[in-house]
Every structure is written in structure tokens, then in C-alpha cells.
Amino acid sequence: MKKKKMKSILAILVALTLVATFTGCQQSSTTKTATGVQTKSGSTTYPLTITDDSGTSITIDKEPQKIVSLSPSDTEIIFAIGEGSKLVGRTDYCDYPEEASAVTSIGSFSSPNLEKIIELAPDIVMSSDFVSDEMSQQLQAIGAQVIVVNPTSIDGVLNNIVMAGEISNANDKAKEVVEGMEKQRQELIAKAATIKEPKSVFIDIGKFYTAGPGSMLDSMLTDLNAKNIAADATSQWAQLSTEAIIADNPDVYISLYTKPDVIKATPGFDQINAIANNNIVYFEYLTPESDMVQRPGPRIIEGMALLAQSIYPNIFSK
Amino acid sequence: MKSKLKKHAMLISIIICMIIIYLCTLMGVASISFGEANKILLNQIFHIDLGMENISVGATAIIWNVRLPRIILAFVTGGALALCGAAYQGIFKNPMADPYILGVSSGAALGATIGIILKFSSSFLGLNGIAILAFIGSFSTILIVYNISRVGRKVPVATLLLSGIAIGQTLSALISLFMIFNQNEMSQIIFWTMGSLNGKGWNQVIAVLPYVILGCVIMLTSVRELDIMLLGEDTANQLGVDTERLKKKILFSSSLITAAVVSVTGIIGFVGLVVPHIVRMVTGPKHRVLVPFSLLFGGVFLILCDTLARTVTAQEIPVGIITAAFGGPFFVYLLRKRKKGGV
Chain A
34 MKKKKMKSIL AILVALTLVA TFTGCQQSST TKTATGVQTK SGSTTYPLTI
84 TDDSGTSITI DKEPQKIVSL SPSDTEIIFA IGEGSKLVGR TDYCDYPEEA
134 SAVTSIGSFS SPNLEKIIEL APDIVMSSDF VSDEMSQQLQ AIGAQVIVVN
184 PTSIDGVLNN IVMAGEISNA NDKAKEVVEG MEKQRQELIA KAATIKEPKS
234 VFIDIGKFYT AGPGSMLDSM LTDLNAKNIA ADATSQWAQL STEAIIADNP
284 DVYISLYTKP DVIKATPGFD QINAIANNNI VYFEYLTPES DMVQRPGPRI
334 IEGMALLAQS IYPNIFSK
Chain B
19 MKSKLKKHAM LISIIICMII IYLCTLMGVA SISFGEANKI LLNQIFHIDL
69 GMENISVGAT AIIWNVRLPR IILAFVTGGA LALCGAAYQG IFKNPMADPY
119 ILGVSSGAAL GATIGIILKF SSSFLGLNGI AILAFIGSFS TILIVYNISR
169 VGRKVPVATL LLSGIAIGQT LSALISLFMI FNQNEMSQII FWTMGSLNGK
219 GWNQVIAVLP YVILGCVIML TSVRELDIML LGEDTANQLG VDTERLKKKI
269 LFSSSLITAA VVSVTGIIGF VGLVVPHIVR MVTGPKHRVL VPFSLLFGGV
319 FLILCDTLAR TVTAQEIPVG IITAAFGGPF FVYLLRKRKK GGV
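Chains A and B, in that order, are what the protein sequence lines are. Sequential numbering from 34 applies to the first sequence in the numbering used here. Sequential numbering from 19 applies to the second sequence in the numbering used here.
Mixed in with the good hints, there may be bad ones.
Said to hold, decoys possible - Here's a subset of chain B near chain A, in silico, CB distances under 7 Å, partners left out:
(1) V47
(2) G69
(3) E71
(4) I73
(5) A79
(6) A184
(7) G186
(8) Q201
(9) N202
(10) Q206
(11) F209
(12) R298
(13) G302
(14) P303
These are computed hints drawn from the structure, not numbers from a lab. Note that the structure is predicted; figures quoted are calculated from it, not measured. Note that beta-carbon positions come from the ideal geometry of N, C-alpha and C, so glycine has one too.
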């Protein structure tokens with residue numbers, strides 16, 4: 034009697050395990066990271082319906098074999114999730130990783146060459162919001178699905194990576210990338226939270242235009258426990274008058290375009306803490322460091338680390 | 019009484035200008051009290067110390083190194099553009115003429131575009147590399163336009179206008195071409211072309227002043243001949259005016275002024291077009307009166323627009339938007355008032 038009971042229990046257990054593993058292999062499962070970004074793992078089941086950053090619902094019938102990227106950050110995402118071999122077209126400005134230069138270029142990100150894209154016959158076109166509706170329609174007419182990628186926060190970037198992984202059936206690699214980024218991000222946030230006296234920062238993207246509320250740079254400053262002097266500006270990319278900058282007296286001046294000696298020569302700026310203490314951080318335009326800080330792609334957290342080192346060099350080592 | 023007022027109108031206007039300059043220096047985003055600002059001004063200008071110990075170095079920097087030079091640059095720029103606008107409207111006998119009509123703005127923008135793309139960063143006499151290239155660009159444009167329109171010794175006015183428009187359009191197309199092939203620099207180029215007085219100080223005022231003063235002196239000494247030109251080129255010639263020499267003088271001085279101003283501030287529109295018309299409605303068409311008052315009123319107009327641009331919101335609004343927003347409707351209001359029969 035006991036033996037029979039044991040046998041039946043064992044059988045049920047084995048059956049349950051088999052069912053569990055079977056379903057686990059066939060469908061992708063979701064897990065959540067600390068900040069609520071859902072990652073996926075396993076294989077993608079097609080047809081797949083996703084919502085892109087423009088709110089459009091898109092159905093993908095089968096695993097795409099050919100992808101065209103219309104922005105440097107999308108190119109980086111595709112290579113990061115291990116699907117670089119599927120990339121058949123990229124923009125002139127896609128300079129990372131190095132393997133991207135071997136891919137055919139289809140022009141610029143704001144005015145890509147439609148004929149060239151059609152010639153490449155992609156299944157998926159990943160674009161930024163620069164691409165017009167008319168162009169989207171023409172691409173859809175030749176059978177390419179246009180996915181608009183336009184993240185407005187770091188969570189948005191992580192979601193884009195998950196989405197890219199889901200679309201191209203690379204969920205596990207995407208999960209790995211996202212979890213790595215999240216881990217590094219949380220480490221930076223935790224370290225920054227220990228700072229007792231936050232510094233005030235001004236980010237100059239050129240001609241005193243700055244990253245206001247709602248921009249990714251602003252959210253990075255918040256994460257790093259630094260005060261953005263433009264946090265109460267009325268638009269995302271506001272320009273501040275030099276008077277306002279002097280009055281707000283930032284401790285750190287981060288310039289993403291203007292050279293430090295030009296900043297120092299600006300009338301009245303020698304009174305600012307940042308200039309007087311030589312705390313001007315210069316990310317020269319179009320260098321890898323500058324791209325890391327601004328491109329909404331897989332290296333954004335490395336960019337955040339660069340910012341952390343610039344603002345709090347005593348806390349964050351290189 | 020009225021003629022007495024007219025006689026002293028220039029003096030009164032100059033005094034009003036200075037009062038406006040003073041009042042606008044007290045206004046700004048940074049919270050500096052009127053008392054503090056007055057003390058700073060007294061100290062810097064007349065070296066009278068009425069209690070400077072409590073005033074921060076930052077406040078002094080803002081009043082003396084940021085606000086005052088910016089306001090004075092606004093006066094110089096607005097006055098220069100309005101003066102050129104008045105002169106061009108006279109010499110072309112065209113109410114639509116403004117300082118940029120001969121392609122000067124496109125030339126300056128092209129110079130700046132090339133400078134930005136090549137990352138030209140040297141500086142010379144207070145002007146940075148981009149400003150120098152913009153100056154060269156605008157001045158070269160005038161030379162090209164002049165030489166294209168020249169027929170022997172003469173420069174027919176209509177040809178000047180047409181070549182100016184043609185060259186201006188061609189240069190604008192070139193700028194767009196450069197932008198398309200250098201998309202990473204596109205935003206910087208656009209920032210430059212949107213005229214702004216933000217971040218300018220005494221160095222820029224000093225850099226611009228010699229050219230503007232030289233140009234204004236030449237223009238102001240030509241006002242009587244401009245008046246005679248209003249009767250028509252042939253009539254003027256018969257009355258003894260050397261019209262070709264006058265045209266060359268006006269072109270040269272106007273280009274000098276506009277090139278200097280645009281290379282430092284970018285392209286600020288509307289002032290050169292609308293201000294002379296507004297002033298003409300009050301003073302009448304005689305250039306003897308129109309040109310100097312355009313200078314004063316243009317300067318004050320731009321000061322007021324720039325003060326609004328930098329104080330109305332926490333962030334800075336490009337001043338060209340304010341000049342258009344105010345200049346346009348104000349001009350329409352004056353037109354309607356004149357239509358109803360009474361200015």
C-alpha cells in the first residue's frame with residue numbers, strides 16, 4: 034500500500050515537473066527588475082504584438098531576419114543583444130560598435146534614403162521619431178514593420194532593449210544586458226545616496242541650452258543625488274540666461290559642446306563656484322565619452338558613471 | 019510750443035534712452051534689489067562707495083559684467099539695424115527693404131556654419147572665430163552682390179535688389195546642404211542663427227562699436243543727399259547729387275554695420291524692417307529726422323524686447339521671437355490708426 038502511494042506521488046511529481054519544464058521551454062516568461070522594468074526570457078512566440086514608443090500596436094508574424102536601424106542607439110542595442118548579424122542597414126552616424134561600420138549605410142537619421150532601405154528589404158525598421166508618417170507608410174507598404182524607438186527615461190531605454198530582444202527572439206541576452214545595466218545603475222544610486230552635501234550642477238549642451246525637467250540627463254542627475262539648476266525650467270531643452278546661471282551658482286559646470294576656455298571667458302562667469310574652483314567638466318562633442326552620456330542605448334549607464342565621476346570624483350573612482 | 023518740442027526732441031529722446039537703459043539694468047532674473055543695483059552702478063561708474071561691503075561679488079558681476087553690457091549691446095544692435103533699414107528703404111525706395119535684403123544675413127550664417135563645422139575656435143580682438151567668419155561671410159556677400167549688379171560705373175538699384183535676393187537664396191541653400199551633411203552640428207548652427215544677446219559682455223560691445231560708429235557717421239552725414247534721392251535718381255543727379263557715390267557710401271557703411279552686428283548677435287529680424295516705418299509715422303519721411311530717430315528708437319525697442327526675453331520666464335526666449343511678436347502687431351495698430359485719419 035505504501036509503495037503504491039509513493040509510486041503515485043512520484044508519478045505526479047514527475048508529471049508536474051515535465052509539464053513545468055515543457056511550458057517553460059515553449060513560452061517566454063517575465064520577471065521584474067527592481068524598478069519595475071519587465072524582462073523576458075526564453076523564446077518568443079510569434080505572432081507577437083507589441084506597442085512601440087509612439088503608442089502604435091504592431092504585430093510581428095515571424096522572427097525577423099533582416100533589421101535596418103535608423104539611429105545610432107538602436108544599432109548599439111541590436112549589437113548588444115547579440116543580433117548584429119541580422120543588421121542589414123544603419124545610418125552614417127552609427128559608429129559603435131566597430132562591427133557596425135561593416136554594415137551598409139542608408140544615410141542620415143533625419144532623412145534616410147528610402148530607396149536604399151527598400152532595396153535591403155528589411156523585416157523590421159527601428160527608427161527614432163525623426164521619421165515622418167509618410168515614410169513609415171511607404172516602408173510598411175513593402176512589408177517592413179516600423180518600430181518607433183523614442184525613450185524619454187532610463188527605464189524607457191531598458192524597456193526598448195527588452196522589446197528589441199523580444200522582437201528578434203533574443204530574450205535571454207536582452208535580459209542579461211538589462212539586468213547588468215540595472216545592477217550598475219542601482220550601485221550608482223546607492224553610492225550617491227550616501228552623499229551628505231549634494232552638489233549643484235549645470236549641464237550646457239551649447240549656447241547655454243540645458244537639460245530641463247523630463248530630459249534623460251535631468252533624471253540621471255536626480256539619480257546621482259546632484260541638483261540640476263535647471264530643474265524648474267519650463268521646458269525640456271530650455272536656454273538659461275547667463276544671469277540666471279551666475280545667480281544659481283553651480284558647483285559643477287558640465288559642458289557638452291563649448292570649450293572650457295570659452296566658458297571661462299563668458300562675462301560674469303568667473304564668480305561662479307564651478308569656474309572659480311576649476312570644476313568645468315568637458316565632454317568634447319562627438320567623442321565616445323560624450324556619446325555614452327547622451328545616447329539612449331546600452332551604454333547609457335556607463336555614461337551615468339562618467340557623470341558620477343565628474344560630479345563627485347571623491348566618491349566615484351574611475 | 020510744438021516747434022520748441024521738436025527742436026529739443028532729439029535731446030529729450032536721448033535722455034529717455036538713458037533712463038530706459040538705467041531702468042532695464044535694474045531688472046532681471048537674479049534677485050538683486052534696486053538699492054543694491056544702484057550702489058553697484060554708483061560704485062562702478064562714479065567710484066562712490068555707499069556700502070559695497072554687503073554686496074556679493076556675484077551681484078556686482080551680474081549688474082556690471084552681464085546686464086549693463088548686454089543692454090548697451092542691444093541698443094547698439096537695434097539702433098544699427100534700424101538705421102540701416104531706414105537708409106535702405108530710402109535708397110531702394112522700397113518699404114519692404116531691411117538690412118538683410120542684400121543677402122547679408124545668409125552670408126553671415128554661411129560663414130558661421132563653416133566655422134561651426136570646421137570647429138574654428140581662434141579668437142581675435144574680442145571676437146571669436148565663428149564671429150570673424152560670419153563677418154567675412156557677410157561682407158563678401160555684399161561685395162559679390164555689388165559686383166554682379168554693377169554696369170560699368172553704375173549700380174542700378176533694381177538690379178542690386180534682385181541680385182541680393184538671388185545670392186541670399188543661393189547661400190541659404192548652401193547652408194541647408196551643409197547642415198544635411200553634418201547633422202551632428204545642425205543644432206549648433208540653428209542656435210547660432212537664432213539671434214541672441216545671451217552671454218555677451220563688454221568685449222563684444224567693444225568689438226562691435228568701432229564698425230558701428232564708423233558706419234553711422236558715414237550714414238548720418240549722407241542724410242541730406244538721401245532726402246534728395248527720394249525725388250528719384252534722375253532728379254537727384256540733375257540737382258547735383260552724385261548718386262553712384264551715395265549708393266556706394268550707403269552700401270558700404272550699411273554692410274559694415276550689419277556685418278559687425280550680425281557676427282556677434284546672430285540674426286535678429288524685424289527691427290530693421292519695422293522700426294523705420296513706425297518712426298516715419300511720427301517724424302515724417304525726411305531722412306534728416308528719420309535716420310537719427312530710427313537709431314534711437316531701434317535701440318530702445320531692442321533693449322525692451324531683450325529685457326522681456328531674459329526676465330519674463332525662468333528660461334531665456336530667443337529675442338527674435340519677441341521682436342516679431344511685438345513689432346508686427348504694433349505696426350499693424352499704427353497702420354490702422356493712420357487709416358482712420360490721425361497720427
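Quick rundown of the hints versus the structure:
no. : hint : in the structure
1   : V47  : holds (5 Å)
2   : G69  : violated (20 Å)
3   : E71  : violated (17 Å)
4   : I73  : violated (12 Å)
5   : A79  : holds (4 Å)
6   : A184 : violated (26 Å)
7   : G186 : violated (24 Å)
8   : Q201 : holds (5 Å)
9   : N202 : holds (6 Å)
10  : Q206 : holds (5 Å)
11  : F209 : holds (4 Å)
12  : R298 : violated (33 Å)
13  : G302 : violated (38 Å)
14  : P303 : violated (38 Å)
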